[in-house]
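Chemist: Please work from the sequences and hints to get the whole structure.
2 protein chains.
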Amino acid sequence: MARPSCKKQILDAAESIVIDSGAAHLTLDAVAERCGISKGGLIYHFPTKEALLTGMIARLEEKIELIREGIRRQDGDGMTNELAVDIRMMRELSPEDYRLSAALLAVIACQPDLMNPFREQHHKRFWDDLISSRSFTRSSILFFAAMGLHFHQLLNISIVDNEQRREIFDELLRLAESKENLREV
Amino acid sequence: MARPSCKKQILDAAESIVIDSGAAHLTLDAVAERCGISKGGLIYHFPTKEALLTGMIARLEEKIELIREGIRRQDGDGMTNELAVDIRMMRELSPEDYRLSAALLAVIACQPDLMNPFREQHHKRFWDDLISSRSFTRSSILFFAAMGLHFHQLLNISIVDNEQRREIFDELLRLAESKENLREV
DNA sequence: GATACTATACCGACTGGTCGGTATATCCTC
DNA sequence: GAGGATATACCGACCAGTCGGTATAGTATC
Chain S
3 MARPSCKKQI LDAAESIVID SGAAHLTLDA VAERCGISKG GLIYHFPTKE
53 ALLTGMIARL EEKIELIREG IRRQDGDGMT NELAVDIRMM RELSPEDYRL
103 SAALLAVIAC QPDLMNPFRE QHHKRFWDDL ISSRSFTRSS ILFFAAMGLH
153 FHQLLNISIV DNEQRREIFD ELLRLAESKE NLREV
Chain D
3 MARPSCKKQI LDAAESIVID SGAAHLTLDA VAERCGISKG GLIYHFPTKE
53 ALLTGMIARL EEKIELIREG IRRQDGDGMT NELAVDIRMM RELSPEDYRL
103 SAALLAVIAC QPDLMNPFRE QHHKRFWDDL ISSRSFTRSS ILFFAAMGLH
153 FHQLLNISIV DNEQRREIFD ELLRLAESKE NLREV
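If you read the sequences in order, they're chains S and D.
Counted the way my numbering counts, the first sequence spans residues 3 to 187.
Counted the way my numbering counts, the second sequence spans residues 3 to 187.
Be aware that one or more of the hints could be misleading.
Which copy? The list can't say, so a pair holds if one copy fits it or any two copies do.
20 Å max Cα-Cα, derived EDC-like pairs, lysine to aspartate or glutamate [to be verified]: (1) Lys126 - Glu165; (2) Lys126 - Asp163; (3) Lys10 - Glu122; (4) Lys9 - Asp31; (5) Lys65 - Asp77.
Calculated from the structure, these hints are not laboratory results.
None of the values given here were measured: they were computed from a predicted structure.
Modeler: In C-alpha cells form, the structure reads like this:
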C-alpha cells in the first residue's frame with residue numbers, strides 16, 4: 003500500500019492544524035487524526051516531532067526555491083534584480099500558498115532552535131540581495147513591506163482584502179523594478 | 003503582603019518564556035517557576051490560562067496606546083498624521099519593548115480566537131488611518147514595511163542590526179511625514 | 001520472505017486546573 | 001485594645017487527561 007503522497011498529506015494536515023487551531027495544538031495525535039492515519043503510521047514517516055517540524059520547514063524552502071526559479075526562468079536571464087524576485091515570490095506565495103509559512107509559526111512556537119539554519123540562509127540571501135545595492139535603506143523598505151504584508155496574513159491579522167494586497171504587491175514590484183524611481187523615493 | 007507588581011512579574015515571565023523557548027512551552031508550571039511563585043499563587047492572579055493570555059494582550063494594547071498618546075502629546079496637536087504615529091510607535095516598540103509583542107505569538111499559538119477583538123481594533127485603526135488617504139497603496143507600503151521589520155525581530159529572523167533598523171525606521175518616518183515625497187514615490 | 005506500511009496498546013512525564021489549607025493585614029465590636 | 005470576622009495573597013498536593021514516544025503484532029505488495 004505504497005502511498006507516495008502520504009508525506010505530503012501529513013504535512014498538509016500539520017499546516018492546517020497550525021493555521022486553524024494554533025501551533026500549540028500541533029500534536030502527533032492531532033496530525034494523525036486529521037489526515038486519517040494512525041499514530042503509528044505517522045511515526046513511521048516522521049519518527050519524531052522534530053522530524054515533522056523540519057519536514058515542514060524543508061517543504062517551505064523547497065517551494066520558495068521552486069517559485070524563485072520559475073520567476074528567473076520566466077524572466078529570461080538578464081541581469082536579475084533579486085529584490086524584485088523576492089517580492090514576486092512573496093506575491094506568488096499569497097494568498098494560495100501562504101499556509102506553507104505555517105511551518106515558521108510551528109517551529110518558532112515548538113522548537114525555536116530549528117529556525118537557526120533557516121535564519122542563516124534567509125540572512126545570507128538578504129545580504130546578497132540588498133546590502134550590496136546602492137540604496138540599501140529604500141530597498142529594505144520594499145523588502146520588509148512585502149514581508150509585513152505576508153506575515154499579516156499568516157498571523158491572521160490581515161487587514162487588506164485580496165484586491166488591495168494585489169495592488170500593493172504590484173506597486174512594490176514596480177518600485178523594485180524601476181531603478182530610477184527607487185533612487186528618488 | 004500586598005505585592006502590586008506581582009501581575010507584572012508574571013506577565014514578564016510569560017513573555018520571556020515565549021521569546022526564549024516558544025509559545026508551546028508557555029505552561030502554567032513554567033510561568034510559575036520562572037517568576038518564583040507557586041502554581042497556586044499564579045492561578046490566584048490568573049485563574050485560567052486564557053486569563054493569562056488575555057492579560058498579555060491587554061498589556062500590549064495598553065503599552066501601544068501609551069506610546070501613541072505620548073507621541074501625539076509631544077507632537078502638539080496639529081493635524082495628526084496617523085501613519086507617522088504608527089511608524090514612530092513601532093520604532094519605539096523595538097528593540098527594547100518588542101518582547102511585549104510576544105503576547106501575539108502566544109495567543110496565535112495557544113488560542114487564536116482570542117485574537118478577534120485585537121484584530122478588529124487593528125483593522126479599524128488601519129482603515130481610519132490609511133484607507134481615507136489619497137495615496138492608500140503607498141501609505142500601506144510604509145505601514146507594512148514598519149510591521150515587517152517589527153515582525154522580523156519578533157519571529158527572531160531579524161536580518162538587520164539595530165543601527166540599520168534605526169536607519170530604515172527614520173527613512174520610513176521621513177517618507178510618511180513628507181506628503182510631497184509620498185505622492186511621488 | 002523482505003520491504004513498506006498500519007493499527008493498537010502502552011508508558012512516564014507533563015498539562016491545565018482544583019482544592020484544602022496557611023499567613024497576614026484590615027476592619028468592626030465591645 | 002482584645003477578640004473575632006473578613007479579604008487578600010499564596011502554597012503545594014493532587015486529579016484527570018494529554019503529550020511525545022516505544023513496542024509489537026499485523027497486513028499488503030513485490
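Chemist: For every hint, state whether the structure bears it out.
Modeler: Cross-check of the supplied hints:
For the identical chains of this complex, Lys126 and Glu165 are inter-copy neighbours only, at 18 Å across copies versus 32 Å inside a copy, given an alpha-carbon limit of 20 Å. Proximity of Lys126 and Asp163 under a CA criterion of 20 Å is satisfied inter-copy only: 14 Å between copies versus 32 Å inside one chain copy. With identical chains, the CA atoms of Lys10 and Glu122 are never at most 20 Å apart, being 26 Å at best within one copy and 34 Å at best between copies. In this assembly of identical chains, Lys9 and Asp31 lie within 20 Å of each other by CA distance solely inside one copy; the values are 15 Å within and 35 Å between copies.
For a Cα distance limit of 20 Å, the shortest separation of Lys65 from Asp77 inside one copy, 18 Å, qualifies, whereas the shortest one across copies, 46 Å, does not.
Hint 3 from the earlier list is the only one contradicted by this structure; the remaining hints agree with it.
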